[in-house]
Amino acid sequence: MERSIQMYNAFSGVNPLESFSLLNFFRVHTPDTEYRAIQEALDYALKNKPSFGGFVLTYSINTRIVAGVVVNKTGMQGFKSENLLVLAAIHEDYKTQTNFLEELIDKAVDYADGDIAIYAKPNHPALMMAKRMGFKEQFVELKFQKTAMAAKIRV
0 MERSIQMYNA FSGVNPLESF SLLNFFRVHT PDTEYRAIQE ALDYALKNKP
50 SFGGFVLTYS INTRIVAGVV VNKTGMQGFK SENLLVLAAI HEDYKTQTNF
100 LEELIDKAVD YADGDIAIYA KPNHPALMMA KRMGFKEQFV ELKFQKTAMA
150 AKIRV
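Sequential numbering from 0 applies to the sequence shown in numbering that gives the first Met the number 0.
Keep in mind that the hints are not guaranteed to be accurate.
Said to hold, decoys possible - In the DSS-like style, the derived pairs of lysine-lysine whose C-alpha atoms are separated by at most 25 Å in a straight line are:
| no. | residue 1 | residue 2 |
| --- | --- | --- |
| 1 | LYS46 | LYS106 |
| 2 | LYS120 | LYS94 |
| 3 | LYS145 | LYS94 |
| 4 | LYS130 | LYS142 |
I should point out that these hints are in silico values taken from the structure, not numbers from a laboratory.
Please model the complete structure; the sequences and the hints are all you need to start from.
If you want it as structure tokens, here you go:
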């Protein structure tokens, strides 16, 4: 079994087949995330859109992606983390082998300049893994969704 970790960023680039594979992997294995949000996270990490950049890490077995993370740089320091782990996914066939994802997150922490924040819903299973890995709760985010409010006003 051939195992490999691949990193993509603005300098390495990504060819069309790799781009399709990344987008499809995260689409299938992060079903609660909108397709558009996945595409934007990848575009920001690879600087296909104006951004501070970031990177994508994948763990593959025999060329099949089994885990992946997307980290976007925030352009901030101090109050906010310099990096945001936007997407983390593991292939359904490997759900019990979280060590693949943990290894990628460890590599992301090593590679990133500055702190990394993770945003997740309160009861998301990834929170326990992140806490085991040394991530600490620091802030509570409250979000006002203007689109939801606009929909209520139109009714």
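Here is what the structure says about each hint:
{"no.": "1", "hint": "LYS46 - LYS106", "verdict": "holds (20 Å)"}
{"no.": "2", "hint": "LYS120 - LYS94", "verdict": "holds (19 Å)"}
{"no.": "3", "hint": "LYS145 - LYS94", "verdict": "violated (35 Å)"}
{"no.": "4", "hint": "LYS130 - LYS142", "verdict": "holds (23 Å)"}
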